[in-house]
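Visitor: Line by line, the protein sequences are chains L and C.
Mapping to our numbering: the first sequence position 331 is 390, numbers consecutive.
Mapping to our numbering: the second sequence position 273 is 332, numbers consecutive.
Keep in mind that the hints were calculated from the coordinates and are not lab data.
There's no promise every hint is true.
You can't tell identical chains apart in this list, so a pair holds if it fits in one copy or across any two.
[Stated by the list, open to error] Derived pair list, reagent style DSS-like, types lysine-lysine, alpha-carbon separation capped at 30 Å: (1) Lys83 to Lys148; (2) Lys294 to Lys454; (3) Lys414 to Lys88; (4) Lys223 to Lys294; (5) Lys173 to Lys88; (6) Lys306 to Lys269; (7) Lys83 to Lys203; (8) Lys454 to Lys234; (9) Lys269 to Lys296; (10) Lys234 to Lys457; (11) Lys458 to Lys203; (12) Lys414 to Lys83; (13) Lys296 to Lys223; (14) Lys203 to Lys239; (15) Lys145 to Lys83; (16) Lys454 to Lys251; (17) Lys356 to Lys458; (18) Lys306 to Lys145; (19) Lys81 to Lys203; (20) Lys306 to Lys81; (21) Lys269 to Lys414; (22) Lys340 to Lys223; (23) Lys173 to Lys294; (24) Lys173 to Lys457.
2 protein chains.
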Amino acid sequence: MIYIGVMGHGVVGSGTVEILHKNKDTISKRTGRELVVKKILDIQDFDVSYRELFTKDASSILEDEDISIIVEAIGGIDPAYEYTVKALKSGKHVVTSNKELVAQHGSELLNLAKENNVNYLFEASVGGGIPIIRPLRQCLAANKVSEIYGILNGTTNYILTRMKRAGLGFDEALKEAQIKGYAEADPTADVKGHDAGRKIAILSSIAFGKSVPYAKIYTEGIDKIDHIDILYANKLKRSIKLIARAKRHEDGVFAMVTPVLVDNYSPMADVENVFNAIMVKGDAIGDVMFYGQGAGKLPTASAVVGDIIDVVKHLNATSVGVSGSSSAMTVLPINNFSSRRLIRLSGNNLDIVNKYANEVFKNSTIIDLDNAQAMGEIAILTDTLTEGEVDSALKLLKKKVGAIQILGSMRVE
Amino acid sequence: MIYIGVMGHGVVGSGTVEILHKNKDTISKRTGRELVVKKILDIQDFDVSYRELFTKDASSILEDEDISIIVEAIGGIDPAYEYTVKALKSGKHVVTSNKELVAQHGSELLNLAKENNVNYLFEASVGGGIPIIRPLRQCLAANKVSEIYGILNGTTNYILTRMKRAGLGFDEALKEAQIKGYAEADPTADVKGHDAGRKIAILSSIAFGKSVPYAKIYTEGIDKIDHIDILYANKLKRSIKLIARAKRHEDGVFAMVTPVLVDNYSPMADVENVFNAIMVKGDAIGDVMFYGQGAGKLPTASAVVGDIIDVVKHLNATSVGVSGSSSAMTVLPINNFSSRRLIRLSGNNLDIVNKYANEVFKNSTIIDLDNAQAMGEIAILTDTLTEGEVDSALKLLKKKVGAIQILGSMRVE
């Protein structure tokens, strides 16, 4: 009998209890052991059939010697960090879906787990149920990974899908996502790209073997995307996606989260609604892509229970055998990062912009929507330029043309 | 120092030696050990810098007590089976890409490995470098898997892509694939679907926890697909893909490899050239897809080396902790399997076929290519029917219409 303590009975915690119960037979067949949830920590009361398992006292779980595995599904840093440290120090394995905590203290907690000969596993922290952490660590371990990129946030992908497919504005699409339970009441972390930033920090730390500090990742959200952007995307046969990316360079890593106009023929363009997709480029493997539901109760809980099963199979070992890195990777300033750009401009002098655009942006194209909704603006589709070159060129253009306003600027692939 | 013996210096064996050398630093950082190839078995001589490692005597590897890990990259059943048994019995871990052997003797060899407290790992046997075996076993272990399907053979996918994109006939496309090294001189195992059949047998055995006997899987190849089929596919906004599938039912499993007309909007349609994609449906996770290069020297060797790294991290344990199943799963006769069908017919009585088609096939549509190349034939796109119902309906149609010839029949999704 393996006893489990669940901390937090929200979406992921309750999903974990549900799967452990529902797929009991499959799980005990796979592990050769019976897994039992002994206690559940939550400050709220729940009207569920296993009411007697609840406690409001964390120490009753942390100090229970029967419990060998703790599911930390509280989320956030405080008190999750404190509980995790206590659990690892007292020799309990910890499985979590907490991306904030892993992004901020992952290396430290991995090292603490190793010192105490237990596991700290967090497959559920990125991509919901999509297997990505373990494949990166194990299956692709023979590769030097050069780049990871993808759609890591289901909420924003849902909003962008609805803006494209149903012609909704950003606010309408966000409201719809909230009603459907895909976006939280306070959607900031999702729509500003912070959630995707935490996830790419976690993935790149594993892939590159050094910790990539989340706080240094350049992050742009989708809250400034409007329906005119969608019209431009359609005209260019592209789709707007919030892409998280970490690309290894000699001196460090380019790490960023930004909206990107991706080609409709690329696999990323087909990833719609709340689905996520993660592409990994390795020197031996080439491109590998992982696709699935990046969030949701059962998919995420499925990853938590997958980790639990792994722990049970290696109860007396650190199954993943990784340690956190003590050294951090240099996150490079993005002004040296190159891409094409679509720059929307308005002003009274659009004819003059038209005239000078190609002088200032070599090999650029003027995109005119020819649509009543986009009157009084044009867009320049540039050649591949660094972020720094774009800034300089725009300054030059302003000098030549006079008053123009930059309505938006998106990277194009 | 961990000593490795490599058996077979073909594509996968030589790729393994190459990656172990090239990514030496990354690998020793990840494992904390130095990995050294001590001996290589091959009957041929190779003009390589590590010539001194070669031996023509298998026992010099199998009886070398320094060697703790053997890479079996010989392929086929004989002598790979014999060597693998000997290696496992003498306490050596075995890592392989040999799908024939795993499909035929996988359960037995897994049990033998477990008895001897070593690992038998075969991530490279399915999907080249795409992580699929380990994710199925570990990350998705909390799920009841209901279905696995996908494009598991790169050779046939390349041929179908070239037929669609370049308008080549089957023979031309096959020849091109052979010239590019994507198809073997004897392409039978690929084009007849046997290779994909072995792979779906391996995957479904793992996912369903009982061995699915390869020999009982219904297999149709792509060698009868012609350019008219491609025209129909285009007209229906679909693409022809060789789909391997295992679908769990109450009484057993439907397991088959057949060409399928997949919707151009489905993710499978975008999988082109030598790429593979594998979709797994689980009760908690929903749909997850894995995509990447399904074959090739370095991708496949990358999976072999990933397994080696896993072994090194758990030298004194059976890392995956799975046992082979002693019981086999019932493979159901496919005549109860349902799908839509596109049935191509020719004859002198096409007008009459037109008239009776809807009487015989309820809710069917006549597809007329209206193309000189497809003169004298039409096709019926049926509603969802079992294989048995299709056969009966065709018999009835023949009775009503007289002499008609069935030119082809493909499943449609």
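Visitor: 30 Å Cα cut-off: does Lys173 pair with Lys88 within a copy, between copies, both or neither?
Guide: both (28 Å within a copy, 16 Å between copies)
Visitor: When no copy is specified for Lys454 and Lys251, does a C-alpha distance of 30 Å or less occur within a copy, between copies, both, or neither?
Guide: within (27 Å within a copy, 62 Å between copies)
Visitor: Pop the pair Lys414 and Lys88 into one bin, within, between, both or neither, using alpha-carbon distances up to 30 Å.
Guide: neither (71 Å within a copy, 56 Å between copies)
Visitor: Please work out whether the CA atoms of Lys223 and Lys294 approach to 30 Å or closer within one copy, between two copies, in both situations, or in neither?
Guide: both (12 Å within a copy, 26 Å between copies)
Visitor: At most 30 Å between C-alpha atoms: does Lys454 with Lys234 qualify within a copy, between copies, both, or neither?
Guide: This pair counts as neither: shortest intra-copy Cα distance 37 Å, inter-copy 56 Å.
Visitor: Between the shortest in-copy and the shortest cross-copy C-alpha distance, which are at most 30 Å for Lys306 and Lys269: within, between, both, or neither?
Guide: within (13 Å within a copy, 42 Å between copies)
Visitor: With 30 Å as the alpha-carbon cut-off, assign the pair Lys145 and Lys83 to within, between, both or neither.
Guide: within (29 Å within a copy, 37 Å between copies)
Visitor: Regarding Lys269 and Lys296, is the shortest C-alpha distance of 30 Å or less found within a copy, between copies, in both, or in neither?
Guide: neither (38 Å within a copy, 46 Å between copies)
Visitor: Can you tell me if Lys173 and Lys457 fall within 30 Å by alpha carbon in one copy, between copies, both or neither?
Guide: neither (57 Å within a copy, 72 Å between copies)
Visitor: Have a look at Lys306 and Lys81 and pick one of within, between, both or neither, based on CA distance no larger than 30 Å.
Guide: For Lys306 and Lys81, only the inter-copy Cα distance (21 Å) is at most 30 Å; the intra-copy one is 41 Å.
Visitor: Pop the pair Lys458 and Lys203 into one bin, within, between, both or neither, using alpha-carbon distances up to 30 Å.
Guide: This pair counts as neither: shortest intra-copy Cα distance 45 Å, inter-copy 64 Å.
Visitor: Which holds for Lys83 with Lys148 at a C-alpha limit of 30 Å: within a copy, between copies, both or neither?
Guide: Only inside one copy: Lys83 and Lys148 sit 29 Å apart there, 34 Å across copies, limit 30 Å.
Against the hints set out earlier in the document, violations occur for numbers 3, 8, 9, 10, 11, 12, 17, 18, 21, 23 and 24.
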